[in-house]
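Student: Chain residues, written in single-letter form:
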Amino acid sequence: MQNEPVLRMEGITKIFSGVTALANVSLELERGEVHALVGENGAGKSTLIKIMTGAYTRDGGQMFLEGRAVDFRTPEDAQEAGVVAVYQEVNLLTYRTVAENIYLGREPRRFGLVDWKRMNADAAALLKRLGLEIDPRAPLGSLNIALRQMVAIARGVSFDAKVVVLDEPTSSLTEHEVQILYDVIRRLKAEGTAVVYISHRFDELYTVCDRVTILRDGRFVATRPLAGLEKIDLVCLMLGKQREELRQGTTAFKGVTAAAGETPLLSAEHLKRGRKLNDVTVEVARGEIVGMAGLLGSGRTETARAIFGADSVEAGEVRLEGKTIRRGSVNDAIDSGIAFLTEDRKAEGIIPELSVRENLTLAALPALSTLGVVSRARQAEIVDKFMKRLGIKAANADQKIRELSGGNQQKVLLARWLCKNPKFLILDEPTRGIDIGAKGEIQSLVGELAESGLGVLMISSELEELVEGSSRVVVMRDGQRVGELRGDEISQDNIIRAMAEGATGEATPASTATAHVTDTTPPAATPPAAAPPSEGA
Amino acid sequence: MQNATPVNSAGAGGARPRRSLLTDYGPTYGALAALVLLVLANALFTQNFADVNNFRNILLQVAPTVLVAVGMTLVIATGGIDLSVGSVMAIAAALAATNLERGLLPAVLLGLFAALAVGFINGALISGFRIQPIIVTLALLITGRGVAQVISRGGQIILIDNQNFMSLGKGFVGPVPMSVVVMLVVVAVAIFVMRATSFGRYVVAVGGNEAAARLAGIKVHRTKIMVYALSGLLAGLAGLIEAAKAEASDATKVGLYIELDAIAAVVVGGTPLTGGRVTVVGTLIGALIMQVITTSFNMLGIGFAWSLVLKAAIILVAVYIQRPKVA
Numbered sequence: 001m002q003n004e005p006v007l008r009m010e011g012i013t014k015i016f017s018g019v020t021a022l023a024n025v026s027l028e029l030e031r032g033e034v035h036a037l038v039g040e041n042g043a044g045k046s047t048l049i050k051i052m053t054g055a056y057t058r059d060g061g062q063m064f065l066e067g068r069a070v071d072f073r074t075p076e077d078a079q080e081a082g083v084v085a086v087y088q089e090v091n092l093l094t095y096r097t098v099a100e101n102i103y104l105g106r107e108p109r110r111f112g113l114v115d116w117k118r119m120n121a122d123a124a125a126l127l128k129r130l131g132l133e134i135d136p137r138a139p140l141g142s143l144n145i146a147l148r149q150m151v152a153i154a155r156g157v158s159f160d161a162k163v164v165v166l167d168e169p170t171s172s173l174t175e176h177e178v179q180i181l182y183d184v185i186r187r188l189k190a191e192g193t194a195v196v197y198i199s200h201r202f203d204e205l206y207t208v209c210d211r212v213t214i215l216r217d218g219r220f221v222a223t224r225p226l227a228g229l230e231k232i233d234l235v236c237l238m239l240g241k242q243r244e245e246l247r248q249g250t251t252a253f254k255g256v257t258a259a260a261g262e263t264p265l266l267s268a269e270h271l272k273r274g275r276k277l278n279d280v281t282v283e284v285a286r287g288e289i290v291g292m293a294g295l296l297g298s299g300r301t302e303t304a305r306a307i308f309g310a311d312s313v314e315a316g317e318v319r320l321e322g323k324t325i326r327r328g329s330v331n332d333a334i335d336s337g338i339a340f341l342t343e344d345r346k347a348e349g350i351i352p353e354l355s356v357r358e359n360l361t362l363a364a365l366p367a368l369s370t371l372g373v374v375s376r377a378r379q380a381e382i383v384d385k386f387m388k389r390l391g392i393k394a395a396n397a398d399q400k401i402r403e404l405s406g407g408n409q410q411k412v413l414l415a416r417w418l419c420k421n422p423k424f425l426i427l428d429e430p431t432r433g434i435d436i437g438a439k440g441e442i443q444s445l446v447g448e449l450a451e452s453g454l455g456v457l458m459i460s461s462e463l464e465e466l467v468e469g470s471s472r473v474v475v476m477r478d479g480q481r482v483g484e485l486r487g488d489e490i491s492q493d494n495i496i497r498a499m500a501e502g503a504t505g506e507a508t509p510a511s512t513a514t515a516h517v518t519d520t521t522p523p524a525a526t527p528p529a530a531a532p533p534s535e536g537a
Numbered sequence: 001m002q003n004a005t006p007v008n009s010a011g012a013g014g015a016r017p018r019r020s021l022l023t024d025y026g027p028t029y030g031a032l033a034a035l036v037l038l039v040l041a042n043a044l045f046t047q048n049f050a051d052v053n054n055f056r057n058i059l060l061q062v063a064p065t066v067l068v069a070v071g072m073t074l075v076i077a078t079g080g081i082d083l084s085v086g087s088v089m090a091i092a093a094a095l096a097a098t099n100l101e102r103g104l105l106p107a108v109l110l111g112l113f114a115a116l117a118v119g120f121i122n123g124a125l126i127s128g129f130r131i132q133p134i135i136v137t138l139a140l141l142i143t144g145r146g147v148a149q150v151i152s153r154g155g156q157i158i159l160i161d162n163q164n165f166m167s168l169g170k171g172f173v174g175p176v177p178m179s180v181v182v183m184l185v186v187v188a189v190a191i192f193v194m195r196a197t198s199f200g201r202y203v204v205a206v207g208g209n210e211a212a213a214r215l216a217g218i219k220v221h222r223t224k225i226m227v228y229a230l231s232g233l234l235a236g237l238a239g240l241i242e243a244a245k246a247e248a249s250d251a252t253k254v255g256l257y258i259e260l261d262a263i264a265a266v267v268v269g270g271t272p273l274t275g276g277r278v279t280v281v282g283t284l285i286g287a288l289i290m291q292v293i294t295t296s297f298n299m300l301g302i303g304f305a306w307s308l309v310l311k312a313a314i315i316l317v318a319v320y321i322q323r324p325k326v327a
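Protein chains in written order, with our numbering: chain B, 1 to 537; chain Y, 1 to 327.
Simulated from the structure, these hints should not be mistaken for lab results.
Backbone N, C-alpha and C fix where the C-beta goes; we use that ideal spot for every residue, glycine too.
It is possible that some hints are incorrect.
Claimed, not checked - Not everything, but these chain Y residues come out facing chain B in the computed CB check (under 10 Å):
#1 V193
#2 V204
#3 A205
#4 G208
#5 A212
#6 A313
#7 I314
As the list claims (entries may be wrong) - Once the Cα atoms are required to be at most 25 Å apart in a straight line, the calculated SDA-like pairs of lysine to any residue come out as:
#8 B:K420 <-> Y:R222
#9 B:K346 <-> Y:N164
#10 Y:K219 <-> B:A367
#11 B:K346 <-> Y:N298
#12 Y:K219 <-> B:E314
#13 B:K420 <-> Y:G79
With the sequences and hints as input, model every part of the structure.
Tutor: This is the structure:
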């Protein structure tokens with residue numbers, strides 16, 4: 001075999017207590033290539049990386065480094081061999097110098113003592129090689145996040161790295177800082193280092209990466225060169241959808257929202273939060289279910305949290321029935337009639353040790369109490385009513401919520417909001433990880449609620465759910481709103497196409513902006529090579 | 001700490017109320033059983049133990065610890081800790097003792113108000129500046145005792161001769177010592193607050209899952225400040241009782257190491273240090289267990305050091321029983 005790849009992983013399998021996290025996954029890294037690794041939640045990216053860098057041991061498959069079979073038992077083994085991972089949360093020592101951080105644990109020594117002179121000189125040379133102007137004697141804490149991250153990368157490279165894994169390296173960087181990172185990556189590439197690049201942002205993938213490997217549900221889907229791979233095909237591969245013949249001639253639609261003239265129930269305008277949310281505007285009318293589509297990290301959840309006041313935003317305004325909600329105030333949002341069912345039930349939803357009753361009425365307590373004393377009778381009445389209405393299956397209202405199934409927990413959390421009679425409900429992945437029965441029940445309940453006048457913003461990764469349940473679908477990508485579908489246009493094809501091709505710069509006036517996604521993409525027949533990466537610098 | 005409790009995926013929501021009832025109250029029942037056993041064993045084998053005067057004595061001695069421990073229970077239920085209680089006791093005692101010439105009421109109010117204020121500062125620093133509770137209250141533990149000594153004219157022992165004030169520590173309501181009455185009232189009110197009010201639920205919700213509590217509209221900051229303020233107030237009350245009992249305020253001694261006894265009482269009683277669950281009754285039982293051990297060892301003539309060893313063992317057992325169950 002000529003031209004053996006730097007690293008080859010074959011048939012990698014990993015099982016966690018009976019659950020298969022990776023099944024027969026393969027990955028090949030060439031010298032000097034930047035290789036993107038993508039996939040939605042649960043695809044197995046981080047498991048694969050951890051096996052590659054020795055943090056996990058594999059349960060099946062083989063791994064070859066420069067043609068030799070290798071078997072890393074610990075991350076130190078992998079580092080020694082030149083395979084290193086740089087994680088997004090930088091694990092360095094704030095009060096030590098840059099040089100110390102780079103050579104931590106293997107400081108050059110002289111007569112048994114640390115050879116400071118050599119360490120600083122080596123570090124300076126290394127940083128220069130990466131094109132970084134950082135003083136190796138500076139304490140790490142004096143650098144900004146971006147430079148600290150570069151130091152982390154330098155530390156990785158200093159192991160004579162043949163493979164460097166960058167796990168979401170840009171998540172805390174500004175636009176300018178991202179450019180510094182790109183420079184470093186280009187230099188690594190030029191030196192022949194293979195870089196594995198994990199990111200959810202398509203613009204980054206198409207700017208720096210040569211090839212992409214797609215994983216889905218712990219399985220290998222494909223490895224493709226990025227040049228010539230249409231975004232829409234990439235999205236299809238990630239979501240496991242067939243790229244059917246995309247229907248042509250769907251009626252054009254405007255980017256404007258809400259029925260003309262009417263004040264919308266909710267309007268969120270020009271929400272901005274770093275690179276995560278870039279000028280996002282959403283409007284929802286009474287009785288309307290607006291779906292929100294987008295890949296992981298596209299800004300869906302960030303939009304929801306910004307509307308609810310759970311995260312502070314740098315700019316933007318949220319109004320409910322024309323009344324402005326105080327920025328970053330969950331309480332003001334709740335008091336105005338906004339409810340938010342979070343995507344992470346365990347971390348942000350349930351209070352595990354409390355009963356179904358207390359969990360259900362948690363947000364309604366002020367209304368249920370007089371002078372701070374909760375009326376047991378009124379509490380029981382509400383709990384009873386909603387347990388029946390939503391079909392919550394629990395031994396009784398005293399059962400701890402953590403003992404319930406996921407679907408029933410979700411119903412309790414939904415009831416927590418419904419018993420407050422909200423005007424506007426945000427559902428973030430309302431049916432993720434719950435059984436089919438409960439899923440159907442929740443979906444039809446949401447439909448009924450909307451008919452009775454509630455406005456709903458529903459975020460979902462399941463295209464079927466969006467297509468069936470929404471009267472309008474807003475599509476997000478890279479922290480921006482890139483398209484909107486309504487009526488007949490709402491189809492899985494169109495959503496995927498918008499996720500992939502929707503104009504990046506809704507903000508740039510001259511571009512196709514909010515306009516019709518199908519305008520920007522010549523349908524189906526585009527030859528592969530005709531879709532060069534258009535964004536980036 | 002993680003709440004790594006796996007969700008019961010048994011579709012129907014697991015109809016096992018019996019089991020859950022037992023494990024829910026396990027620590028408290030365990031503590032109660034331990035207390036009953038201790039008392040019975042002592043009644044049988046320790047001379048003069050089963051005597052009304054002895055029981056009254058035990059209650060009298062445990063009262064300040066229980067007052068502090070009740071405040072500590074609320075703090076721990078939110079997932080925090082309050083190490084400053086002993087110093088707060090000293091501040092309250094010193095302020096009251098040095099101001100008794102102004103009258104009973106002003107002196108008592110001044111002491112309690114200062115205690116409340118220190119608690120408030122604890123809470124404000126912890127929730128407002130997001131400093132760890134153990135650090136903030138450790139700082140107040142150190143400075144607080146210094147402040148108490150400054151108040152006591154440079155660390156002097158301030159003698160008290162106000163009879164009305166002393167009755168707080170030495171007086172009786174019928175056959176029951178005044179301080180025991182105060183203790184019982186505080187325990188009863190705390191039980192009511194935790195069970196019946198929305199504040200009680202907020203405390204447990206904040207300790208159980210702060211992020212979820214915030215997204216449900218609970219005012220997390222306010223709740224935290226409240227529990228630390230209450231802890232301070234109760235510690236102040238305990239400080240006044242200690243001073244009244246001793247007929248003097250010794251800023252170097254009042255409330256020394258009481259934070260450890262209080263935390264032990266809370267933990268042995270069944271409120272886990274991770275927060276999210278609470279039992280005020282358990283705390284009372286926990287404090288009684290510790291006191292009964294001290295008293296009985298004393299009566300049996302066994303060295304004080306051995307009672308410490310037994311207490312340590314009980315704390316370890318209690319924490320072991322409460323450890324997060326991972327299936």
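Student: Regarding the hint that G208 of chain Y lies at the interface with chain B, is the smallest CB-CB distance below 10 Å?
Tutor: With a minimum Cβ separation of about 4 Å from chain B (threshold 10 Å), the hint on G208 of chain Y holds.
Student: When you check the alpha-carbon spacing of K420 of chain B and G79 of chain Y, does it fall within 25 Å?
Tutor: Answer violated: K420 of chain B to G79 of chain Y is near 28 Å, above 25 Å.
Student: K219 of chain Y and E314 of chain B were given as a pair; does the straight-line alpha-carbon distance stay at or below 25 Å?
Tutor: 23 Å, holds
Student: Does A212 of chain Y meet its interface restraint, that is, does its C-beta lie within less than 10 Å of any C-beta in chain B?
Tutor: 5 Å, holds
Student: Given V204 of chain Y was flagged as interface, is its beta-carbon under 10 Å from a beta-carbon of chain B?
Tutor: 6 Å, holds
Student: Please verify whether K219 of chain Y and A367 of chain B have alpha carbons no more than 25 Å apart.
Tutor: 15 Å, holds
Student: The hint names I314 of chain Y as touching chain B; please verify it with the least Cβ-Cβ distance against 10 Å.
Tutor: 23 Å, violated
Student: Against chain B, with CB atoms and a cut of 10 Å, does the hint on V193 of chain Y hold up?
Tutor: 9 Å, holds
Student: Going by Cβ atoms only, is A313 of chain Y closer than 10 Å to chain B?
Tutor: 27 Å, violated
Student: Is it true that the CA of K346 of chain B sits at most 25 Å from the CA of N298 of chain Y?
Tutor: Measuring from Cα to Cα gives roughly 49 Å; hence the hint is violated.
Student: When you check the alpha-carbon spacing of K420 of chain B and R222 of chain Y, does it fall within 25 Å?
Tutor: 22 Å, holds
Student: May I ask you to test the interface hint for A205 of chain Y with respect to chain B, counting a Cβ-Cβ separation under 10 Å as satisfied?
Tutor: 5 Å, holds
When the structure is compared with the earlier hints, violations turn up for hints 6, 7, 9, 11 and 13 and for no others.
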